[in-house]
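*Asks:* The primary structure of each chain is shown beneath.
Number of protein chains: 4
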Amino acid sequence: MIRELRPEDRLEWQRLYQGYQAFYGFHDRPAGFYDKAFARLLSGQAGDFHGLVHADGARLLGLVHYVFHPNLWRDEGVCYLQDLFTDPQARGRGVARALIEAVYAAADARGVPFVYWLTAEDNYPGRMLYDRVAQRSPFIRYQRRLG
Amino acid sequence: MIRELRPEDRLEWQRLYQGYQAFYGFHDRPAGFYDKAFARLLSGQAGDFHGLVHADGARLLGLVHYVFHPNLWRDEGVCYLQDLFTDPQARGRGVARALIEAVYAAADARGVPFVYWLTAEDNYPGRMLYDRVAQRSPFIRYQRRLG
Amino acid sequence: MIRELRPEDRLEWQRLYQGYQAFYGFHDRPAGFYDKAFARLLSGQAGDFHGLVHADGARLLGLVHYVFHPNLWRDEGVCYLQDLFTDPQARGRGVARALIEAVYAAADARGVPFVYWLTAEDNYPGRMLYDRVAQRSPFIRYQRRLG
Amino acid sequence: MIRELRPEDRLEWQRLYQGYQAFYGFHDRPAGFYDKAFARLLSGQAGDFHGLVHADGARLLGLVHYVFHPNLWRDEGVCYLQDLFTDPQARGRGVARALIEAVYAAADARGVPFVYWLTAEDNYPGRMLYDRVAQRSPFIRYQRRLG
Numbered sequence: 001m002i003r004e005l006r007p008e009d010r011l012e013w014q015r016l017y018q019g020y021q022a023f024y025g026f027h028d029r030p031a032g033f034y035d036k037a038f039a040r041l042l043s044g045q046a047g048d049f050h051g052l053v054h055a056d057g058a059r060l061l062g063l064v065h066y067v068f069h070p071n072l073w074r075d076e077g078v079c080y081l082q083d084l085f086t087d088p089q090a091r092g093r094g095v096a097r098a099l100i101e102a103v104y105a106a107a108d109a110r111g112v113p114f115v116y117w118l119t120a121e122d123n124y125p126g127r128m129l130y131d132r133v134a135q136r137s138p139f140i141r142y143q144r145r146l147g
Numbered sequence: 001m002i003r004e005l006r007p008e009d010r011l012e013w014q015r016l017y018q019g020y021q022a023f024y025g026f027h028d029r030p031a032g033f034y035d036k037a038f039a040r041l042l043s044g045q046a047g048d049f050h051g052l053v054h055a056d057g058a059r060l061l062g063l064v065h066y067v068f069h070p071n072l073w074r075d076e077g078v079c080y081l082q083d084l085f086t087d088p089q090a091r092g093r094g095v096a097r098a099l100i101e102a103v104y105a106a107a108d109a110r111g112v113p114f115v116y117w118l119t120a121e122d123n124y125p126g127r128m129l130y131d132r133v134a135q136r137s138p139f140i141r142y143q144r145r146l147g
Numbered sequence: 001m002i003r004e005l006r007p008e009d010r011l012e013w014q015r016l017y018q019g020y021q022a023f024y025g026f027h028d029r030p031a032g033f034y035d036k037a038f039a040r041l042l043s044g045q046a047g048d049f050h051g052l053v054h055a056d057g058a059r060l061l062g063l064v065h066y067v068f069h070p071n072l073w074r075d076e077g078v079c080y081l082q083d084l085f086t087d088p089q090a091r092g093r094g095v096a097r098a099l100i101e102a103v104y105a106a107a108d109a110r111g112v113p114f115v116y117w118l119t120a121e122d123n124y125p126g127r128m129l130y131d132r133v134a135q136r137s138p139f140i141r142y143q144r145r146l147g
Numbered sequence: 001m002i003r004e005l006r007p008e009d010r011l012e013w014q015r016l017y018q019g020y021q022a023f024y025g026f027h028d029r030p031a032g033f034y035d036k037a038f039a040r041l042l043s044g045q046a047g048d049f050h051g052l053v054h055a056d057g058a059r060l061l062g063l064v065h066y067v068f069h070p071n072l073w074r075d076e077g078v079c080y081l082q083d084l085f086t087d088p089q090a091r092g093r094g095v096a097r098a099l100i101e102a103v104y105a106a107a108d109a110r111g112v113p114f115v116y117w118l119t120a121e122d123n124y125p126g127r128m129l130y131d132r133v134a135q136r137s138p139f140i141r142y143q144r145r146l147g
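Residue numbers (the UniProt record's numbering), protein chains in the order written: chain A, 1 to 147; chain B, 1 to 147; chain C, 1 to 147; chain D, 1 to 147.
Next comes chain A alone, as it looks inside the complex (with noise of 0.2 Å):
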């Protein structure tokens, strides 16, 4: 079952959430990363991050984390769908595709159907999900260089 992510889920949101940043090879994020995340999630404040979970009673089998931002050639703006994942234990059963569609409706919802996402090129898993729910863009990414 698809839901907006709850103070309840506090624990179990975690849980997934490292096992996210770990696939990124980020495996000591500080414990107020994971805080500061959530409390950004729950607070219902226009322009910040919404978060939808996959679950199974108290347990959660995915999650995906999404904002929408201004477009300059968009009046309605764009919909970025920055962190999705699902328990390693629940893989193959739709739980990435059901949240990804989720976001598309809420995205639906507010008028706002561009939705977007990055992902490593090497993500194979992912990518054979996402080629038949969306496609690749033909635009590449640069970014500044930091430090």
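Source of the hints: derived by calculation from the structure; they are not laboratory data.
All figures in this text were calculated on a predicted structure; none of them were measured in a lab.
Treat the hints with caution; some may be incorrect.
A pair counts as met if it fits within one copy or between any two copies, since identical chains are not told apart.
Claimed, not checked - Taking lysine to any residue pairs in the SDA-like style, the calculated list, with each CA pair at most 20 Å apart, reads:
hint, residue 1, residue 2
1, 36, 71
2, 36, 70
3, 36, 111
4, 36, 8
5, 36, 22
6, 36, 75
7, 36, 106
Model the placement of chains B, C and D on the given structure of chain A, informed by the hints.
*Replies:* Frame of chain A; chains B, C and D shown alone:
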């Protein structure tokens, strides 16, 4: 000279922005497209786009549009540089580089060091510059298929 | 068991090679295509293709075709692995990996350590293996536009 | 004027080929590297490399090296254009384009229309030309990890 976009730049700004849109294949933006974009750039509204121009008197040699938006991994958010264009007559004089660096400075002033943008894979003249002032992201981008 | 392709493999070999051609969208190769390829693989002619198969008795689980060709930067030349295919029924058992390693061994025996191949960017199952036994080349490939 | 490489081109050829090697980061090829490559290009041996040059009297403005090799999908084989270089002093005059087209003509004369080459992803000046006379292959290349 690089400065913020001003109301009196309207005609010059549209001349450049039309050139930019045409570069990406959009030759027939309705008039309202330019009206709205210009109004947003000048609105001064928190969370909306900013515009900088490289001006030679009343003539504009280049423009850049950017916006700050939230990021769950970075408290301070990130800066998305959406549009960058140099008048074809003014190429090779460092206009685009100066505009990117002005965005870096504006982002630093706001405490948001991370700046990113997208470009066409075969925008070779642009990439020659971008490789010097930035780096290609290792991530690829997916986007929802729309109508 | 990995061994060289033999005349009595004709039917089994074509079954696999048709599967491989279909994977790349070639569903209707004329009969002569298979006749010629098989004859070349068995010709023993210096400079032409070699074939190895992963056999389980008379049944073939996989095939690989490779050729040596000159390279101006390497006196000994290089080895081009053109075709690699595992029977869909025999996936997940290390067939493809064993075939690649058999080509490496054959190339080493000939004093030609450099082995390369091409694949579709979205051949994710293949790339999961290739990333382990090889590396993606930093170079991109251009080809003449033909009719 | 484009013509075949000749024995008397030895010094001029090495000047260019060293420039090419340096472009790819090879600044210290041993003397024997150039001796061997030049001998192979002039050997006239079936199956080895050919060299064409763009000559302005005794001075060479550019060079190209290519070889034909077997391909199992094409009876007539394919043509690999390994090296292409224009004297930096002679850029912008169509030298590289003329050399590629001369290889196309030589390949056609031999009945081998398919010509391919590799290049660095960020060889932007080269790619501006290649996009006009050829197309980027949709395939990616893997190679064995060596030493």
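*Asks:* Report the numbers of all earlier hints that the structure fails to satisfy, in ascending order.
*Replies:* As far as the earlier hints go, only 7 is violated by this structure.
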